[in-house]
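**Student:** Next come the chains, spelled out residue by residue.
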Amino acid sequence: MRLNQFIIVCLCCLFMANTASANVIPEMVEGFQAQGASVGDADAGEALWKKKFMVEGKARSCQSCHTLDLTKAGSHIRTGKIIEPMAPSVTLTRFSEVKKVHKWFRRNCKWVLSRECSIQEKVDILLFLQKQ
Amino acid sequence: MTRFILVLIMSVFIAQNVYAADNFLGVPRFKGVEPIKNALYQANCAECHFAYFPGLLPARSWRDLMAPKSLENHFGDNAELDEMDRRMITNFLVNNAADDSHYKRSIKIRRSIADGDVPVRITKVPYIKRKHSEIPDRLIRGNPKVRSLSYCLNCHTQAASKGVFDDDTVFIKGYGEWDD
Chain Z
498 MRLNQFIIVC LCCLFMANTA SANVIPEMVE GFQAQGASVG DADAGEALWK
548 KKFMVEGKAR SCQSCHTLDL TKAGSHIRTG KIIEPMAPSV TLTRFSEVKK
598 VHKWFRRNCK WVLSRECSIQ EKVDILLFLQ KQ
Chain W
121 MTRFILVLIM SVFIAQNVYA ADNFLGVPRF KGVEPIKNAL YQANCAECHF
171 AYFPGLLPAR SWRDLMAPKS LENHFGDNAE LDEMDRRMIT NFLVNNAADD
221 SHYKRSIKIR RSIADGDVPV RITKVPYIKR KHSEIPDRLI RGNPKVRSLS
271 YCLNCHTQAA SKGVFDDDTV FIKGYGEWDD
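Top line first, the protein sequences correspond to chains Z and W. Residue numbering for the first sequence follows this note's numbering, beginning at 498 and increasing consecutively. Residue numbering for the second sequence follows this note's numbering, beginning at 121 and increasing consecutively.
Treat the hints as calculated values from the structure; they're not laboratory data. One thing to keep in mind: the hints can contain errors.
Stated by the list, open to error - Between beta-carbon pairs, the in silico distance windows are: (1) W:Y247 with Z:I580: 29 to 37 Å; (2) W:T243 with Z:E581: 24 to 32 Å; (3) Z:V536 with W:H194: 34 to 42 Å; (4) Z:G533 with W:Y247: 53 to 61 Å; (5) W:W298 with Z:G533: 55 to 63 Å; (6) Z:H599 with W:D288: 42 to 50 Å; (7) Z:K569 with W:Y247: 22 to 30 Å; (8) Z:V595 with W:H252: 39 to 47 Å; (9) W:K151 with Z:R575: 24 to 32 Å; (10) Z:E581 with W:D202: 40 to 48 Å; (11) W:K157 with Z:A531: 32 to 40 Å; (12) W:H194 with Z:T568: 25 to 33 Å; (13) Z:D566 with W:K157: 32 to 40 Å.
Even glycine gets a Cβ: it sits at the ideal position worked out from N, Cα and C.
So here's chain Z without its partners, still in its complex pose:
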């Protein structure tokens, strides 16, 4: 009996830990602010999200793969693979892992802007995405 109860408690804990895929944006924004970023500005984030950068004679932007309407699915500009909507209000699993967000900021900023995004730019973009 004791053991059974213990196992049930363990299972419950596991279950809760698993489902608690909370949105990590607030936590990340705080982290960047602790490193010196300002409060941030969602409008600046939106402007950067839409801004076109010329690379190898072609315009690139965050919208190249994530589309204009963030509540709709995008598709990878080269491979065509479907990318679930970026809006956290539509895709509930969005922004649930700090490591994943860092990874894609690094990859996508380098691909679009030809450099890493600054912590301020990341804060702005995250605030913009959070509102969707």
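Place chain W on chain Z using the hints.
**Tutor:** Frame of chain Z, contents of chain W only:
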């Protein structure tokens, strides 16, 4: 006596498994390539295209592809990883590469590559090139539903689930079945 026979049969059976060569009496042991899955690999190499099975390339090709410099410019895209993940994924790919596989397509792939060659594309492996040489380009690059030979799943209906690429399981998106 029966016990002796049993032991004998078992020995033969065990021996066969231990010496599981490429093939048994000329017939390869397994179809396709091994449909092996790995959570870390799926999370990091299946975001832009399906996760290519390790048995589609030899270990030396995977090592080349997975070098930090190669990932930074991954066929014109950026597939950078953090160092821990990069190492673990490289090990997974190298350990399950075509080199020691008992699967039919992996054996054909590795045998078609010359010793010194290190193809970084599956589509540049001689065996894979040869198998697709008769498909007109309008069904591949000229076909918006396929885009490139690199996207195996746009034609091979059983590749993702079973690692099977047999010609009788092909359905070319935007075109249809293939009979040559």
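**Student:** Please list, smallest to largest, the hint numbers that this structure does not respect.
**Tutor:** The structure breaks hints 7 and 10; every other hint is satisfied.
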